[in-house]
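K.L.:
Spelled out from the first residue to the last, the chains are:
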Amino acid sequence: MSFLHIQNLHKSYGPTRIFTDINIEIGQGQFITLLGPSGCGKSTLLRCIAGLTAVDGGQILLDGQDLVPMPPQKRGIGMVFQSYALFPNMTVQQNVAFGLRMQKVPAAEASKRVAEVLELVELSDYANRYPHQLSGGQCQRVALARSLVTRPRLLLLDEPLSALDARIRKHLREQIRAIQRELGLTTIFVTHDQEEALVLSDRIVLMNGGQIVQSGDAETLYTAPADAFAAGFIGNYNLLDADAASRLLGQQIGSRVAIRPEAIHFADSGIEAQIRSHSLLGNVIRYRVEACGVELLVDVLNRSAADLHHDGQSVSLAIGADAIREVA
Amino acid sequence: MSPAEKRSPLFHQLVVYLLFLILLLPLLGTLVYSLSTSWSATILPSGFTFKWYVALWSDTRFLAAFGRSLLVCFGALALALLLILPLLFVVNYHFPKLDGVMNVLILLPFAIPPVVSSVGLMQLFASGPLPILGTPWILVGCYFTIALPFMYRAITNNLQAINLRDLMDAAHLLGASTWRAAFMVVLPNLRKGLMVSVFLSFSFLFGEFVFANLLVGSRYETLQVYLYNMRNDSGHFTSALVISYFMFVLLMTWAANRLNKDKS
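Just so you know, the protein sequences line up as chains A and B, in that order.
Residue 183 in the working numbering sits at position 133 of the first sequence, with consecutive numbering throughout.
Residue 948 in the working numbering sits at position 64 of the second sequence, with consecutive numbering throughout.
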């Protein structure tokens, strides 16, 4: 029995369909990511689960109870917004205590719980600051603390890291995951960043155009994309049409093919190719090569400077049979 | 380096001070005139005195007019606040598309000159179901429409700066009703816009003459109408009145600025 069960959910604004026939099952304590390009309906789906946007049909069962007819105040859901949405007129302490005040929790217990949760997000020293005195990362941790303090049944994170700079983003996402594991909190995370999704999630739900394209763990999504969209969105797949793929691989292939750039190797013999250009991504060198009139990306681990292939150099490529995925 | 930067800073300061002097000159003249015993055929006043101020501030007619002006202004501002705050909240939160309509609507009081609209108001409210011409009520209503644009703009800007929707959503999810969220989260964040617009409208309304004179006149004598009625009196006396009025508005503005800076 799943903890959160979304059944046949659909939503449209007038003639524009935002999403249709959404079915998701989430087990207790799982970390699920809704991944997709902007405008795919993932944020609206999250707002529908929270009760901030009304749905047109379907059910959202949380622990066996249908949330759809309930107002957001009664759902027992915590949410963190991309814009932090901290109350500017209140201190960190007051922001975090707000939910407890609404629940009429006695002051002594409330201040104890606020102190605990501020400890959890490592902001105990900032309790008396105002939001405008904090950095973006600190603001988002306050917002996280504020949504955790009421002990929600479900935590929703709406692109919480998108407004932060890269270093803080990496640190905070690890912190979010650690806290989520510690509390065993069922969490839905919305992002358009595939790396975030792959690193954090127990399961990824990939959405496009208001529909679920593929749902599975990070490994499945990365190595076995369901279709051309999934292959194009996750990783840096080489997408070849049937003709190009047949020419390159020297065998008859009937559909589109996706090949991961790191699954192509430079070998002593194989497919003749020429290096067009290369870029250094740090631990990986990404080559743009041309073989049989097809342009490919090839990722090679940056072991030593001596291994570097120069632009214009001729090389041979080996592509493992298991790396070639036919996609619809 | 541009030519402007080559000139000495002294030149720039001189221009600014000169401008200030030109702007302040009439006020300074009035101030000196209000403090002098008599100043007619000589270059400098013949002597200085406070007697005009003493006479003014002990005149019960002046004090009554002063009180009436305060009452009408604060009445209009209270009415405006009471109506505009909920209206703005509803427009911004539930019907953001109405903002365009509101922007046209609030410009109407500017589009019609006071003299023209007061003639219309006179006809409308002289008789009929609401014969309030000549009473302070018509002034309160009329001043409300003048304060509307100032308040609407200032508070709208303030509302747009605080990301109203996300704040309301966050408060709702934490268990607050829309009313509680509006009072605890939105209202405190509008303090700045409210203060600025209230004091701006106040200083404007406090000196309003055309409507006050045409719609009510001496039947409910406000400060400006009193000043007008005193025009044939001693110039020293009316000068003292003008300076007193100016100092009062200045004091209010200064107080508003202080209040704003303290907490933010």
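Hints in this document: simulated from the structure, not taken from any laboratory.
All values reported here derive from a predicted model rather than from experimental measurement.
Be aware that one or more of the hints could be misleading.
Which chain A residues stay away from chain B? Per the calculated CB distances, all over 10 Å, these [said to hold, decoys possible]: (1) P121; (2) A135; (3) M152; (4) Q153; (5) D318; (6) L351; (7) D372.
Computed Cβ-Cβ distance ranges for the label pairs, DEER-style [claimed, not checked]: (8) A:V118 with B:L982: 23 to 33 Å; (9) A:A213 with B:L947: 37 to 47 Å; (10) A:P119 with B:P970: 25 to 35 Å; (11) B:L982 with A:Q57: 34 to 44 Å; (12) B:N1141 with A:G234: 49 to 59 Å; (13) B:G984 with A:D243: 33 to 43 Å; (14) B:F904 with A:Y63: 55 to 65 Å; (15) A:G234 with B:S1087: 40 to 50 Å.
In this text, a Cβ means the ideal position worked out from N, Cα and C, and glycines have one as well.
K.L.:
Would you assess whether P121 (chain A), listed as outside the interface, keeps its beta-carbon beyond 10 Å of every beta-carbon in chain B?
P.N.:
8 Å, violated
K.L.:
Should the hint that N1141 (chain B) and G234 (chain A) are 49 to 59 Å apart at their CB atoms be regarded as holding?
P.N.:
This hint holds: roughly 53 Å between Cβ atoms.
K.L.:
Starting from the range 40 to 50 Å, see whether the pair G234 (chain A) and S1087 (chain B) falls in it by beta-carbon distance.
P.N.:
Roughly 60 Å apart at Cβ, these two residues miss the hinted range, so it is violated.
K.L.:
Is it true that the C-beta distance of L982 (chain B) to Q57 (chain A) lies inside 34 to 44 Å, as the hint says?
P.N.:
Cβ of L982 (chain B) to Cβ of Q57 (chain A): about 37 Å, so the range 34 to 44 Å holds.
K.L.:
Over 10 Å to the closest beta carbon of chain B is the bar; see if D372 (chain A) clears it.
P.N.:
Given that every Cβ of chain B is farther than 10 Å from that of D372 (chain A), nearest at about 46 Å, it holds.
K.L.:
Decide, holds or violated, for the assertion that all CB atoms of chain B are farther than 10 Å from the CB of M152 (chain A).
P.N.:
3 Å, violated
K.L.:
Should the hint that A213 (chain A) and L947 (chain B) are 37 to 47 Å apart at their CB atoms be regarded as holding?
P.N.:
57 Å, violated
K.L.:
Regarding the assertion that D318 (chain A) does not contact chain B, is the least Cβ-Cβ distance greater than 10 Å?
P.N.:
Non-interface label stands for D318 (chain A): nearest chain B Cβ at 59 Å, farther than 10 Å.
K.L.:
Just to be sure I understand the hint, the distance between the Cβ atoms of V118 (chain A) and L982 (chain B) should be within 23 to 33 Å; is that true here?
P.N.:
For V118 (chain A) and L982 (chain B) the Cβ distance comes to about 29 Å; the hint holds.
K.L.:
Range first: 55 to 65 Å. Now tell me if the beta carbons of F904 (chain B) and Y63 (chain A) are that far apart.
P.N.:
With a Cβ separation near 56 Å, F904 (chain B) and Y63 (chain A) satisfy 55 to 65 Å, so the hint holds.
K.L.:
Return holds or violated for the Cβ distance of P119 (chain A) and P970 (chain B) against the range 25 to 35 Å.
P.N.:
28 Å, holds
K.L.:
The output says A135 (chain A) does not contact chain B. Does that hold with a beta carbon cutoff of 10 Å?
P.N.:
4 Å, violated
Consistency note: the structure conflicts with the earlier hints numbered 1, 2, 3, 4, 9 and 15.
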